[in-house]
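Just need the whole structure built from these sequences, with the hints factored in.
Quick note, the sequences are listed as chains A and B, same order.
Residue 382 in the numbering used here sits at position 382 of the first sequence, and the numbers go up by one each step.
Remember, the numbering used here sits 925 above the position in the second sequence when you count from 1.
Honestly, I wouldn't trust all of these hints.
[Said to hold, decoys possible] Quick list of in silico lysine-lysine cross-link-like pairs, DSS-like style, CA-CA up to 30 Å:
(1) B:LYS942 x A:LYS427
(2) B:LYS1133 x A:LYS556
(3) B:LYS1133 x A:LYS545
(4) B:LYS1133 x A:LYS427
(5) A:LYS633 x A:LYS522
(6) B:LYS1181 x A:LYS427
(7) B:LYS1057 x A:LYS427
[As the list claims (entries may be wrong)] Label-pair ranges, simulated between beta-carbon atoms:
(8) B:SER1002 x A:ILE620: 32 to 42 Å
(9) A:PHE703 x B:VAL949: 42 to 52 Å
(10) A:ALA504 x B:ASP943: 25 to 35 Å
By construction, these hints were calculated from the structure, which means they are not laboratory data.
Here a beta-carbon is modelled for each residue, glycine too, at the ideal position from N, C-alpha and C.
The residues making up each chain are set out below.
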Amino acid sequence: MKPGILSYVLFFFLVGLSFEVSAQKNPQNLITGNFHDLTIEQFTQELESQTGYYFYYDISQFDSFRVNMYVEKAPLSTVMERAFSNTDFHFAIDRHMQVFLTSKAIVQTNLNANLPDTGMRKQFEMSYAEADNGEGHNKGIQKATLENKLYAIGDNTKNNALPAAVIAGFVRDAKTGEPVAGASVYIDHPRIGVSSDQYGYYAISLPKGRHVLNIQSIGMKDTRRQVLLAGDGKLNIDMQGQVMMLKNVIISAQKLSNVKGMQMGVQKIDIKTIKQVPVVFGEADLLRVVLTLPGVKSVGEASTGLNVRGGAADQNLILFNEATIFNPSHFFGLFSAFNPEVVKDVQLYKSSIPARYGGRLSSVLDISSREGNKKNITGSAGIGLLTTRLDVEGPLIKDKSSFILGGRTTYANWLLNLLPAQYKNSKASFYDLNLNVTHQFNRKNSLYLTGYTSGDHFNLNSDTTYGYNNLNLSLKWKHIFNDKFYGVFTSGYDRYQYNISSEANPVNAYRLMFDINQKYLKAHFSYILSASHALEFGLNTINYKLDPGSYQPIGKSSLVTPDVVAAEHAEESALYLSDRYTLSSRFSVEAGLRYSLFNYLGPQSVNQYAPGLPKTVDNIVSAQSYGKGDFIKNYSGPEYRVSVKYEISDSFSIKAGFNTQRQYIHVLSNTTAIAPTDIWKLSDPNIRPQAGGQVSLGLYKNFKANTIETSIEVYYKEIQHYLDYKSGALLVMNHHVETDVINTRGKAYGVELLIKKNSGKLNGWISYTYSRTFLQADDPTAGEIINGGRYYPANYDQPHSATTIVNYRVNHRFSVSMNATYSTGRPITLPIGLFYYDNAFRTLYANRNAYRIPDYFRTDLSMNIEGNHKVHQLTHNSWTIGVYNVTGRRNPYSVYYVSENGAVNGYKLSIFGSAIPYVNYNIRF
Amino acid sequence: MKIIHWLLLLLVLGACKDRYNAPVHIPASGYLVVEGFINVGSGSTDITLSRATGLDSPYVIPELSAQVNVESDNGSSYPLTESAGGHYSIDQVPVDLSHKYRLRIKTSLGTEYLSDLSAPVVTREIDSVSWKAGGDGVNIYVSTHGSPTDPRYYQWKFDETWIYTAAFPSPFIYQDYGQLVLRPDPFEVYTCWSSDQSTNIVIASSAKLTTNVIYSAPVTFVSYSTSDKLINKYSILVKQHALTQDWYEWEEKVQKNTEELGSIFDAQPSEITGNIHNTADAAEPVIGFIGCTSETEKRIFISRGQLPFVPIFNPYSDCQKLDTILNNPDSIAVYFGNGYHLVVDQIVQGGTVTHYSGAGLGCMDCRTMGGVTTKPDFWP
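Okay, here's the thing in structure tokens:
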């Protein structure tokens, strides 16, 4: 009742005030004018100046109201009648030359029935203090919420017979002006819902008439809008953010998205959640958190390579604001290369991959960065054991454009110098730098510029130095054609390079370099055809230039022969179309088709192998040369993306999906972990593209008013032409790398269970996955048959894995988090015996991946301590204190046997073999 | 700062490794292992045959009573004669460098194995063997070169020899019951020469260089803090073999598989198939690579005085405390009679020998540390 009483008091105060103000006005003027698209303010100003009447209204009720008419010498009442015809608005003129403009709806629904049916003085913004929602921190002044207001959308003066209309607009954070991505916008009856995209844009097609539009998003307070839909129109929605970092911890996006969303196998995590999960050295790490999700694994602690549902680490498309990141790790793979202060959220698609994405078999990891604060300059800084970072953001043009700039670097080098003398030669350093600039030209055009670079440089107590860099630039233009149709045009450049050099021996001093460059152009369109059909379509093209290796001498005395593996060129293009077809409020289908085309281009010299024989150097028949731009080999094929959803009840749904993918670029690696020295290879006449398909089925059920989500998903997947290496393969600086790899077939299946509690003091999730992944190399013409042609487990085949993440908020300034992970040990190839050779016992290997390392179990704890929460202080600070691997269990990363002084010794290598405490200090300003 | 050291060590040095043996028993494969090369220079061809064993039973199982022949592609065959322990040898194979050679093995059970025909390669002389102090010891390097047409792949094996002395000379020898007599040469078991052989695969290649030059390829590292090799005078004989490319690649594979594991970015171990096959069953794995090459060698010495440091490892550091034995036959018989102790010196008080000082054989007889008292021929 509070809002009603307050308005009542306000009303009388204002009305009382206005009597004196308006008494001197001069009456009886007729109105003439050509009013075109005037807001209520412009309109009433015009009328006030022409008539001397004074207008009272609540401006928020009229913000979607526009006046279009021509009048000549008309009395005020006629003008008002015409202006309000076919609307819900009313006017009343009293003898004090005051005009009260009202909307009937507000009176009926929200104001106390005893209150007069009149409006408010326009210059005052009507402010409803919200009822205390129990959070206890909203007692200060709130920005007006507009939940009770009825928005008239569309021009019902136009005679439009269509039964449905589209509302579109942006969902924004009321405080910073940043877009809110992934917000659910839905009505309950009938059940229709959409999500806002990464720009905060949404478009929903609804039957005409009156609706309550619900808007929910992570980290935001739920809100709603009352709309009266007469035709297509715009509605921008400002959402109130959560002031306190710890106030309301929501683990996943839309509270209902798992049940209502079309896609299955999609996980979204926002940065707040990421920051809460304890990680080694306290460095908030996006990929580490993704690794706790069901169906996602890695080969060990030293690798941030993701194995999603039995896929290899190179089968994930890692997009950072549309830019492809080829190596997402720092520091030998211990950290991920994303600055947590710049990241907004991360979305992982592991089964229903939308048709707009392609080029990788297993998953899409879509990382979006924040847009800068559009209102004020703010920033944050953090100091941890190994890294320090600084982030600044703010408006360039207030409310129009903003920037965010973030950087991280390590000072491990400085600390390394403190080590005892024999380790002094070790060096390791890394940095990453992000810049995002957003500019909104007008309601229909926005521009987004993203720049990202990261670099790593290390040597491990040896004279060989390793370095690698990512560089990404992208420019995106979003254009809204109309309420039903928008397009996003992106162009960019991605580069990844690494180099290895050694100068210890002047005669052999060398530098080895590898790089991959891609230029891309993407056009994506979204079109709402009708209430039941939402289309997405577009066109992508990527131009690759890959330098597979360059081996060069360093220094005058080096005798190294310069050697360059010829650059590779290719063009990968795709066209796609998908339709989300809502058959009924409960049953919907999303069907997509993506057609991809890959052209391997000259100049190149391609080896021809004798048909039917293994690809070995001896079987090279000839080498065919191609000129610049020649089409050497074309591969193309359709990719199908289908998902079906049936809602059994409001909180229970069943979904099924079928997906196929194609991949034209491959990582060649014979190491277990992704090494910074792995090379990428394009498909060519001798290396076929990988192809994969997946069928999946899921059940989603929410309990306790959607605060507890549960899901179970099963999948079966097949992979063709995945590249495994031959025994003793040489992959770097190999001019005929096809002779060292073999085509394998893969299959994977599994079941994933997830229980999540999203809100409350105690929240978190528990996941369990049973999954298997097998590869098979049984083609005798491939040159090598592995394990006798039987299926063998892939390196990342870990049948059982379970993760628990629990956060407990003790109070607003103190919370604790725990993370516990268990998984079956990964497969390894153990020696099958010993032989004595060269005065030493040596190990003999066979049966690839026939055994397993011991199981993995780890528990981490962390505490977040916030400084005081006074809003208007210069800086806010917080501490994160935690322990990684509390039990100190020496989880093996690998088990290996090595000949030392003639004898064979077995070892178990643990990356973090003890409890590792950490402390991080963060400051926001 | 201590904690930070420790954290960084964990992080930077590959954290911690523990001894571990997988709790699995894999039955021994019993695959045939063939080691050696067909010597196309002046010298004997020595082939050793053994069988692969289980991971948990590191014992050499020699392959006995086999018939081993070197064969030429022109049909001639040269039998090797067997000596103990599965060794087979022939003093000199009359090699014609324009022919190819292979090894034929017929086991006592009648299974026949044949290596691929291999073209002889000639090994050039070693240019130099050098050393440089670094870390806690000495790095040994080898340099060589060949003509552009010579093979660009090299392997080195080495024999180390070093001289050392026991803690004390032993001037007396125990004779009959309770009797000590002067030893003719008090230094008889004082000075020893110990030797060691390479246990690692040492290879290098000039294939990526413009000229066929190997400059300072590392051969081995000799520690002064964990071995006594440098305590007095040290010698290393480096033996060089030129290899063909496939041979080199095989050795490299064995090296990677058996010596270079344990980092974060390990290449996964692979199967190793050499160039020897069962004539009846090509799929049977046989371990080994038989090629034809010759051997050249070079020896250097490093004496204590040349080192920029003082070797600190002394195996006799526990020998300073001596036992004192009364000079009477019973005490002497009890202490020295069992053969486990030797006399260090007489203890004379007032003109008579009242006691003998003695120490364990380990401190007194250098042979207990594995050396021999015979001076090698090459020792200056």
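Hints, one by one, checked against the model:
no.	hint	verdict
1	B:LYS942 x A:LYS427	holds (21 Å)
2	B:LYS1133 x A:LYS556	holds (16 Å)
3	B:LYS1133 x A:LYS545	holds (25 Å)
4	B:LYS1133 x A:LYS427	holds (27 Å)
5	A:LYS633 x A:LYS522	holds (23 Å)
6	B:LYS1181 x A:LYS427	holds (25 Å)
7	B:LYS1057 x A:LYS427	holds (24 Å)
8	B:SER1002 x A:ILE620: 32 to 42 Å	holds (35 Å)
9	A:PHE703 x B:VAL949: 42 to 52 Å	holds (45 Å)
10	A:ALA504 x B:ASP943: 25 to 35 Å	holds (31 Å)
The structure meets every hint from the earlier list without exception.
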